[in-house]
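Go by the hints and put chain X onto chain C.
If you read the protein sequences in the order shown, they are chains C and X. Just so we're aligned: the first sequence equals residues 108 to 360 in my numbering. Just so we're aligned: the second sequence equals residues 108 to 360 in my numbering.
FYI, nobody ran anything at the bench for these hints, they're computed from the structure. Don't take every hint at face value.
Heads up, the list lumps identical chains together, so a pair's fine if it works in one copy or across two of them.
[Said to hold, decoys possible] Subject to a maximum C-alpha distance of 20 Å in a straight line, what follows is the list of computed EDC-like cross-link-like pairs (lysine to aspartate or glutamate):
#1 305 - 161
#2 246 - 217
#3 246 - 320
#4 305 - 333
#5 305 - 195
Protein chains: 2
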Amino acid sequence: MAAADPDRIYTAALVVIGDEILSGRTQDANLAYLAKWLGLQGIRLKEARVVADDTAAIVDAVNALRAAHDYLFTTGGIGPTHDDITVDAIAAAFGVEVVHHPDAVRVLTDYYGDRLTDARLRMARVPAGAELIANARTKAPGIRIGNVFIMAGVPAITQSMLEALDGQLPGGRPVLSATVAAWTAESRVAATLAAVEKAHPGVQIGSYPFWRDGRTGANFVVRSVDRDLLTETVAALHAALRAEGLEPVDGEL
Amino acid sequence: MAAADPDRIYTAALVVIGDEILSGRTQDANLAYLAKWLGLQGIRLKEARVVADDTAAIVDAVNALRAAHDYLFTTGGIGPTHDDITVDAIAAAFGVEVVHHPDAVRVLTDYYGDRLTDARLRMARVPAGAELIANARTKAPGIRIGNVFIMAGVPAITQSMLEALDGQLPGGRPVLSATVAAWTAESRVAATLAAVEKAHPGVQIGSYPFWRDGRTGANFVVRSVDRDLLTETVAALHAALRAEGLEPVDGEL
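Same shape as in the complex, but just chain C:
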């Protein structure tokens, strides 16, 4: 593992692969989990794409994003059935053959014993030159080739693979965030928010309105890599909202 440079911004992208997401049948749950996990590693998720079970679409997305970011993750399409085409597509993206990884064959042989069918052995196929990512949950491993990390579609399995990668990927300083909330229409305090952000370079403030029990509120999320700057901005935002006659609270409403 290369040494991390704390002052560098490390970025990642995600390709979610699957007709079941694009048809609306399945609600993706990997993006939000991965985003938070990457945040803890000091890596920023900058872009995600959802593509169909279609080789050309996967190849295009993988090649565009692995070149543009430090890390690229994919989820979905690595099971034993005919609609699982991710490994072949990523091998095509890298211009390499698909091979059976001996360690994966061993893991699956130990797990399935004499129930190891051709279909199950498909889960040992990797792009040539790839390494495995352990999966404590269902054994069939994830795959790493270059800066691309090939994960499962089932969230519990992807989470198990991310556990195996915890602390292994060089990252920079994590983005810290704090939330200030108030019962107000965000439009009422739009100028205030913009002024507080402008007065604190290096901080972003996001405004997320909501409607609940007939009342209008908004959560203001303050983000920075600098803890002192974050604290100072939160205090300034409290003061500015109070000056507008509001009663801001710390944390999400």
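Okay, now just chain X, sitting in the frame of chain C:
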């Protein structure tokens, strides 16, 4: 509205705009809803991208996807605060100015009366040449320019805007689907699934495994635009799974 050609495949893409999605703070709920809504219109969601609150990222995604698909939807970033940059970014993507749409100014004036601030008036800004999409819920309208539909980030508001577009967009024949499920490891029936799909050109079968109460199951989703072919394939899949000693059921487990 142009006449729809039922034999043509109409495609759409989605750009989800927002740091709150990429940080993992907010779980996107618009993709799945839009996907199902498009399905009912006979339009297939083929690709989605999630991008940051960053003008260049929005411009790149919008220009790539509006050229590649019949329809492009965006969600997020059309509120009254400083982090809402979608309208400016899409105007830049089209190379047009941003103007205040007179009908939107009227809607907001009627709604806010003497509480119409500069921030609220921001929600009447549109790329020059755009039309409005009604929003029965919170008044601030969605925007259509060319084949691009600019929607809100808050799901209830986007759903209200889609209601206004219901039946308005030319589409082809909707993709029909039926689910057959069984308590089995999908790897056990992988060859069966592939054979049934191969024997029925024009049908796709997706396999979605799950684990529940210590048991392994899988949902097999059969998709086609041809109702008779769908019915025939479902019957063939039932027979093939029973031949494997399983007890398939109709519908999702």
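*Unmet hints by their number, sorted upward, for this structure*: none
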